[in-house]
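Undergrad: As a plain string of letters, each chain reads:
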Amino acid sequence: DAGVTQSPTHLIKTRGQQVTLRCSPKSGHDTVSWYQQALGQGPQFIFQYYEEEERQRGNFPDRFSGHQFPNYSSELNVNALLLGDSALYLCASSLSRTGSQYFGPGTRLTVT
Amino acid sequence: DQQVKQNSPSLSVQEGRISILNCDYTNSMFDYFLWYKKYPAEGPTFLISISSIKDKNEDGRFTVFLNKSAKHLSLHIVPSQPGDSAVYFCAATGAWGNTPLVFGKGTRLSVIA
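Protein sequence lines, in the order shown, are assigned to chains A and B.
The first sequence runs 1 to 112 under our numbering.
The second sequence runs 1001 to 1113 under our numbering.
Isolated chain B, as found in the complex (with noise of 0.2 Å):
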């Protein structure tokens, strides 16, 4: 049973527009949550992280929301740009400090100029 979801396999924007990925679990005993980025040939990319006990973390365009009551989580990018095209994991972690990562499936966004 996967504990993280990213129900999109791929999404499409236009550059300069707003990318909006978004994540579901159902492990209420998650933490932490994080967003990665992975371009082809590389390893994941560490890219915004937020606690439970927050509800938004922002830097610089990118956004972390998360509705704990939902169990839902969601990543913003404004302004879109071409170099944001990648696969974007959700992972999710019981607790800070060397637990185990739990992934989705990735979400790959195409930014087009």
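Pulled out of the complex, with its shape left as it was, chain A reads as follows (with noise of 0.2 Å):
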């Protein structure tokens, strides 16, 4: 049974452009939520994705967007990218009746 995965694993980008990271969620899970971790520091929520709606969003600007397709996958977009938008950006995916999180290896995002 696969377990949360993620690509592509690094990404080297430069200011102002775009990137999309995607997500494969745990087999038979429904929700995915994606984290931020910067250097030093612990993860935090972008948002979360649940029958291929946004149903919980954390304090990010706009130019983070999601969507999340039938099969539950799920993908993240940063427009506009800033310097700061240097880091791990982790998926979780969990089974809406239960909520355990399991989160996948993360991708290493660097913008020069």
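In case anyone wonders, no lab produced these hints; they're calculated from the structure.
A portion of the hints provided could be inaccurate.
The calculated SDA-like cross-link candidates involving lysine to any residue, where the alpha carbons are at most 20 Å apart (straight line), are [what the hints assert, rightly or not]:
no.	chain 1	residue 1	chain 2	residue 2
1	B	Lys1005	A	Ala38
2	B	Lys1005	A	Pro105
3	B	Lys1068	A	Ser86
4	B	Lys1005	A	Asn59
5	B	Lys1105	A	Ser86
6	B	Lys1105	A	Ala80
7	B	Lys1105	A	Phe60
8	B	Lys1105	A	Gly84
9	B	Lys1105	A	Ala87
10	B	Lys1105	A	Gln44
11	B	Lys1105	A	Gly58
12	B	Lys1068	B	Asn1007
13	B	Lys1005	A	Gln41
14	B	Lys1105	A	Thr20
15	B	Lys1105	A	Ser96
16	B	Lys1068	B	Gln1002
17	B	Lys1105	A	Ser73
18	B	Lys1068	B	Leu1011
Quick one: dock chain against chain with the hints and give me the complex.
TA: Take a look at the structure:
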């Protein structure tokens, strides 16, 4: 049984560019949450998707957007990248009924 | 303002001894508290949790204690093993069931053989 997978593993982008990160949830899970972990910080909640809709959102600007597909996989999009967007982006999946969140290995984004 | 605080960035313990990791929180609306362990190049892995109606939860070598009046929790690892060396995150949430987790900054535990 595959756990949560994320792609790509690493990514380098230039300021002002746009980026898309991908997440496949654990088998049977229908909810995907995204977190940003800056260097030396704990993960910070960005938003959560359930039934293809954004259900909850943290304190992140509109440059951060997402999508969930019918197969429950999800994408995180960040527009107009800033140097401060450099971080590890973590995806967590869960089953709506139980709520236990399982994390993927993350995507390391570097903005230069 | 940080709602979950882990004031010790690092902790070094000898193998076989007890490791105690501490966490403080400010939001009295938190109802569940969790500890995650994170190895390099891996995502956080759930370790143990505790509900606010309890003051202790134990799972093998891991015990979490909650002092609600002091808004403080701690994770005890006994005995500590070299494989326990990782970054430990304390997290809190308002309700069990897909509510966002609020994390501390983490404590890096090094268990020395």
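Undergrad: State for each hint whether it applies.
TA: Hints and how they fare:
1. B:Lys1005 - A:Ala38: holds, 16 Å
2. B:Lys1005 - A:Pro105: violated, 24 Å
3. B:Lys1068 - A:Ser86: At roughly 36 Å apart (the allowed maximum being 20 Å), Ser86 of chain A and Lys1068 of chain B break the hint.
4. B:Lys1005 - A:Asn59: Given that 20 Å is the threshold and the Cα spacing comes to 18 Å, the pair holds.
5. B:Lys1105 - A:Ser86: holds, 17 Å
6. B:Lys1105 - A:Ala80: Not satisfied, since the Cα-Cα distance of roughly 27 Å exceeds 20 Å.
7. B:Lys1105 - A:Phe60: holds, 18 Å
8. B:Lys1105 - A:Gly84: holds, 17 Å
9. B:Lys1105 - A:Ala87: With Cα atoms ~14 Å apart, Lys1105 of chain B and Ala87 of chain A stay inside 20 Å; holds.
10. B:Lys1105 - A:Gln44: Status holds; Cα separation ~10 Å.
11. B:Lys1105 - A:Gly58: At roughly 17 Å apart (the allowed maximum being 20 Å), Gly58 of chain A and Lys1105 of chain B satisfy the hint.
12. B:Lys1068 - B:Asn1007: Status holds; Cα separation ~18 Å.
13. B:Lys1005 - A:Gln41: holds, 11 Å
14. B:Lys1105 - A:Thr20: violated, 26 Å
15. B:Lys1105 - A:Ser96: With a Cα-Cα distance of about 27 Å, the restraint between Lys1105 of chain B and Ser96 of chain A is violated, given a limit of 20 Å.
16. B:Lys1068 - B:Gln1002: holds, 18 Å
17. B:Lys1105 - A:Ser73: violated, 28 Å
18. B:Lys1068 - B:Leu1011: Roughly 24 Å separates the two Cα atoms, so the pair is violated.
The structure fails to meet hints 2, 3, 6, 14, 15, 17 and 18 from the earlier list, while all remaining hints are met.
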